[in-house]
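J.: Residue strings, one per chain:
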Amino acid sequence: MKSVVKKIGNIFRNFGESVAKGNLWVKLSLIIMGAGYLGVGQVAKAVLMTVVEAVFVLYMLLVGVPYLSKFGTLGTVQYESIFNFQTMKNEVNNYDHSFMILLFGVITIILIVAFLCIYIANMIYVYTLQKRKEQGIAINSFKKDLRSLFNERFHITILALPVLGVVIFTIVPLIIMIAVAFTNYDQNHMPPASLFTWTGVDNFKDLITTSTTITFGYSFGKVIVWTFVWAFFATFTTYFGGILMAKFINNPKTKVQKLWRTLFVVTIAVPQFVSLLLVRYFFANTGIVNTICSQIGVTDFLTKIGLVREGLGYIPFLSSPGWAHFMIIMINIWVGVPYQMLIATGVLMNIPNDLMESAKIDGASSFQIFKSITMPYMLFVTGPSLITQFIGNINNFNVIYLLTQDVYKTTDQLLANSSAKEVDLLVTWLFRLTSEQYNYKMASVIGCVVFVICAIFTLIAFRRMTAGDKEESFQ
Amino acid sequence: MMKKVVKPVIRHLVLALLAVIWLIPIVWLLATSFSSYQGINISHFFPEKFTFNNYLMLFGAADTVAQFPRWFMNTFLIAIFTCIISTCFVLMVAYATSCMRFKARKPLMNVGIILGMFPGVLSMIAVYFVLKSIGLTNSHFGMVLVYSAGSGLGYLIAKGFFDTIPVSLREAAKLEGASEATIFTKIVIPLSGPIIVYTVISSFLSPWMDFVYAKLILNSGISTDWTVAIGLYNMLDRSLINTYFSRFCAGGVLVSIPISALFVIMQKFYVEGVTGGSVKG
Chain A
1 MKSVVKKIGN IFRNFGESVA KGNLWVKLSL IIMGAGYLGV GQVAKAVLMT VVEAVFVLYM
61 LLVGVPYLSK FGTLGTVQYE SIFNFQTMKN EVNNYDHSFM ILLFGVITII LIVAFLCIYI
121 ANMIYVYTLQ KRKEQGIAIN SFKKDLRSLF NERFHITILA LPVLGVVIFT IVPLIIMIAV
181 AFTNYDQNHM PPASLFTWTG VDNFKDLITT STTITFGYSF GKVIVWTFVW AFFATFTTYF
241 GGILMAKFIN NPKTKVQKLW RTLFVVTIAV PQFVSLLLVR YFFANTGIVN TICSQIGVTD
301 FLTKIGLVRE GLGYIPFLSS PGWAHFMIIM INIWVGVPYQ MLIATGVLMN IPNDLMESAK
361 IDGASSFQIF KSITMPYMLF VTGPSLITQF IGNINNFNVI YLLTQDVYKT TDQLLANSSA
421 KEVDLLVTWL FRLTSEQYNY KMASVIGCVV FVICAIFTLI AFRRMTAGDK EESFQ
Chain B
1 MMKKVVKPVI RHLVLALLAV IWLIPIVWLL ATSFSSYQGI NISHFFPEKF TFNNYLMLFG
61 AADTVAQFPR WFMNTFLIAI FTCIISTCFV LMVAYATSCM RFKARKPLMN VGIILGMFPG
121 VLSMIAVYFV LKSIGLTNSH FGMVLVYSAG SGLGYLIAKG FFDTIPVSLR EAAKLEGASE
181 ATIFTKIVIP LSGPIIVYTV ISSFLSPWMD FVYAKLILNS GISTDWTVAI GLYNMLDRSL
241 INTYFSRFCA GGVLVSIPIS ALFVIMQKFY VEGVTGGSVK G
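In order, the protein sequences belong to chains A and B.
So that you can map any letter, position 115 of the first sequence is 115 in the numbering used here, and since no number is skipped, the others follow by simple counting.
So that you can map any letter, position 43 of the second sequence is 43 in the numbering used here, and since no number is skipped, the others follow by simple counting.
Hint data in this document are derived by calculation from the structure and do not stem from the laboratory.
The beta-carbon is built from N, C-alpha and C at its ideal position, and this holds for glycine as well.
Careful, some of the hints might be misleading.
EDC-like mimics (lysine to aspartate or glutamate), calculated; alpha carbons at most 16 Å apart, straight line [unchecked claim]: (1) B:186 with B:171; (2) B:186 with B:176; (3) A:409 with A:436; (4) B:103 with A:152; (5) B:215 with A:436; (6) B:174 with A:152; (7) A:222 with A:436; (8) B:215 with A:406; (9) B:215 with B:225.
Some chain B residues judged to face chain A by a derived CB distance under 7 Å, without partners named [said to hold, decoys possible]: (10) 114; (11) 180; (12) 209; (13) 259.
Which stretches of chain B does chain A cover? Using the computed rule of at least three CB atoms under 8 Å from a CB of chain A, they are [said to hold, decoys possible]: (14) 28-41; (15) 63-69; (16) 92-98; (17) 129-139; (18) 223-237.
Can you build the whole structure from these sequences, using the hints too?
T.: Printed below as a string of structure tokens:
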């Protein structure tokens, strides 16, 4: 942390020094960025930098400043459409589009920061060019500079587009989402027809209040508890299930190992939206499993011992709270174990054989070997990916949404008021708030919560992954 | 002696039982896709009458609900473009981080790891906003952008592979006067066949497997715009399911065949990827 502060300090000191000690050309670069290059005779670069500056100024004047000036209010002019009898057409006033103001506001701020960085770097660079000229060191021609983009500075060329993609489609959306959480953007405030504005932390307060009109607090508590319960069980059942299955199949006593492995892999090769939707109808209230269960008397038996409500006549596999929770975790085992089996197979093959051999010679039972050698080794190699999987399960949209959408109806009025269900994860709740209720503000607040949860776990995983050379610790 | 016979039999019986459990839904999918009854058959596991009709109807009789050939084409095109862009991005980032040394390398990689861990689902509403404001919702170009823009973050596996290419090769080329660009295209790329295959397949598969983004972005309700996932999902609408369920199964089988084939090829790289990345960090 300290070194970062120091580095930034250094940059500003260099900038100051460049301004103070630079010659006239360098000083002129404060206003016209290309000037410094003219001083050392680099016309092409001078033009290029000046054009960059001009484009930025033009952008700021035409787009940046108008949007940024409304950023504080997110617009004040309401959309109005008046029918003009002379032209027989609807005429729309020059209204403010709150979302565009938000979006371009954020983009403009990012551009300003980027431009400032270029500006400072430019000053420092121009000054070093001046010093070089004074000392008589050769200065790269523009052609040489261009060529260096394919040689020693090739990384700039090949990283530019991927980084740009990540900025536009990952970083900007995250910032926008966080910003929307502090506004009242919802069904009643949909641009362009109406405006939305900043509301501070009201939405966050709503998320933890339970009253006669707002039930988000109640739902949030239920949903987040289930999210963690689900993530815990989904991660560990598939993890250990996969290891056990891999051990079982890879045992030398098992014949035709490849065939068994392929049989299980077939199930994950089918896309989830096919297999999960299918399973949903498989276990439907009037589905084939229920028919078979009632024919062989399972339904009656379960009714008798109280697991199925009296008079229901079917097993509510995916439509009543307890059953659905249980079934979702079970079906997830079906989906997830083959994946883990594949990974575990790869890892198990790498366990140093001499470890096993020596343990056997010392008289260890196979359970002892599993407990003291196989598991520690597995945990060591797949530990970080276990945390990644946990995060993945917190956000496991597919399994929950495909299994319960349209099938599961909540009877809890408090949950229904905030359009949540007992089986919802934070992300599926967020998704339905967005796509069905257009309640963007609350969806964004939930997004922020998920973001924080992910960030905490990510940092834990990240510290483990970069903790240095732990490779030796197992041996 | 008895014990020696019984034990392996039990072992294989257990495996067979597990395999049956795992395959039941797949068998049901296959069986229903040949069913002459168009809705969900709830009284029998296997259909009473088998027919090819569902497959023929998928291709022959496209109506406003079922446009299977069209969806297949849409998804295929999206997948091809996604695949090209993603593969380029991944290879470029992997080369820069593995074979080149520059000041921002470590910080960039750290930021990459952190961003890569945030699941895509999280930022989807905001991505939707961004696409909407530039008018790219309900467009296949928008879908390609969504699938491929962030793909550079998935560079770790390719980087791990590039790390294993001997440094001496690159140094020799440098002594001969080759630029980094030449080394990248003429030496490193030709040596990384397996990892290119892996990247190509995995990025080709993502549009076929994805459901969330397609549902969010292609929301106009015009069935000719859809991808396979959305189209098949729509067949299960309450009002349609009784006439389209067996066709849904037929469509599911048709999509699964090419995907499974690609998946099996990719499978062995997949294992290396997950475990390899964790050790190198």
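J.: Each hint needs a verdict: does it hold in this structure or not?
T.: Going through the hints against the structure:
1. B:186 with B:171: Roughly 14 Å between the alpha carbons, so the hint for residue 186 of chain B and residue 171 of chain B holds.
2. B:186 with B:176: Roughly 13 Å between the alpha carbons, so the hint for residue 186 of chain B and residue 176 of chain B holds.
3. A:409 with A:436: 15 Å, holds
4. B:103 with A:152: 12 Å, holds
5. B:215 with A:436: 12 Å, holds
6. B:174 with A:152: 11 Å, holds
7. A:222 with A:436: Violated, at roughly 20 Å.
8. B:215 with A:406: 15 Å, holds
9. B:215 with B:225: 11 Å, holds
10. 114: 6 Å, holds
11. 180: Check passed: Cβ of residue 180 of chain B comes within 4 Å of chain A, closer than 7 Å.
12. 209: With a minimum Cβ separation of about 5 Å from chain A (threshold 7 Å), the hint on residue 209 of chain B holds.
13. 259: At 6 Å from the nearest chain A Cβ, residue 259 of chain B passes the 7 Å test, so the hint holds.
14. 28-41: Answer holds; 4 residues pass the 8 Å Cβ test.
15. 63-69: violated (count 0)
16. 92-98: Per the Cβ count (4), the hint holds.
17. 129-139: holds (count 3)
18. 223-237: holds (count 4)
In summary, the numbered hints that this structure violates are 7 and 15.
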